Amino acid sequence: MIDAAARLRRPLWLRVYLGITLLLFLVAATFGLVFSPRDVNQGDLIRIMYAHVSVAWIGFVAVGLTAVFGALYLWRGKRRDDVLAVASAEMGLFFASLTIIGGMTYSRPTLNTFWTWDAKLTLTAIMVALMVGYFIVRGLVEDPVRRGRVSAVVAIVAAASLPFNYLAAEWFRTLHPAKSVALDGSGVTMDPTMLQVLLLNTAVAGMIYLGFMFDRVRLGRIEAELEAERAAGAVGGGAGGKEVVRV
Amino acid sequence: MFDAWSQWTWVTVAWLELVLAYGGYLVYLGWRRRKLLADDRARRVIEREAGGGP
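Protein sequence lines, in the order shown, are assigned to chains A and B. Last residue of the first sequence: 266 in our numbering, with the numbers rising by one and none dropped. Last residue of the second sequence: 59 in our numbering, with the numbers rising by one and none dropped.
If we strip away everything but chain A, and leave its shape as in the complex, we get:
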């Protein structure tokens, strides 16, 4: 007999991966907190930037990938794509919320306010609201196929805000600083050591995203399978159908 508890436990490779990620997180945090030079204007507050910006970038990636998986679900209709989209959406909401909370912690001592409704911050708040909406929609729609399709559209709308969010500090007068690293390679206005520490922290945040995704997708697949079984009334003597596990 296969033990369900053993099957649900994290596999060895995932535990090793998460262990390595934890070690790298400690290394990256040490670089940010100890080895990074102080900023000429911000002093030691620059050390918040490594936590805030790395998480923000990965949040953008997570929301973007949610839209990609959602689009794949709209195109192919495979349940696996919907499971991936949900896991990534959870990560997107997680990292975007962490971005706002970290940004407020960074903003208060540097700009003397926790929050202001400027373009960049407002767009980020809208993105978080859309990701919350993603899960509200999923809670409201019973039919799994329809639920996957509707939430995929919400994810695509959320992802459509990403380019505007990325460029908001350039296009509008905002309290949020302009970007110091241009993705188009047009320039980096950041100390090389600081840039390396930032990239290290971003890589670790990316590893955390992947580790959480792996774990969440494992559970999501089982939950989706269970829901399909319940809908078909094939499990538990056909009593199912009413109870639905959301994924």
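Source of the hints: derived by calculation from the structure; they are not laboratory data. Everything numeric in this text was worked out from a predicted model, so none of it was measured. Even for Gly, the Cβ is constructed at its ideal location relative to N, Cα and C. No false leads were slipped in.
Computed, partial: chain B to chain A, Cβ under 7 Å:
{"id": "1", "residue": "7"}
{"id": "2", "residue": "15"}
{"id": "3", "residue": "19"}
{"id": "4", "residue": "20"}
{"id": "5", "residue": "23"}
{"id": "6", "residue": "48"}
{"id": "7", "residue": "51"}
{"id": "8", "residue": "52"}
Let chain A serve as the given structure and place chain B on it in line with the hints.
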């Protein structure tokens, strides 16, 4: 209140937010896992997927 906070207090709070959030998400995943385990039908699905059930 916040005006009295030193730079290092803000730095510590910002990094603690990350640690708490990552730890909290792992706790949440554990809660989802336990919820599945507590469901008899979920256990049967898992065992059947593994080739051990009916």
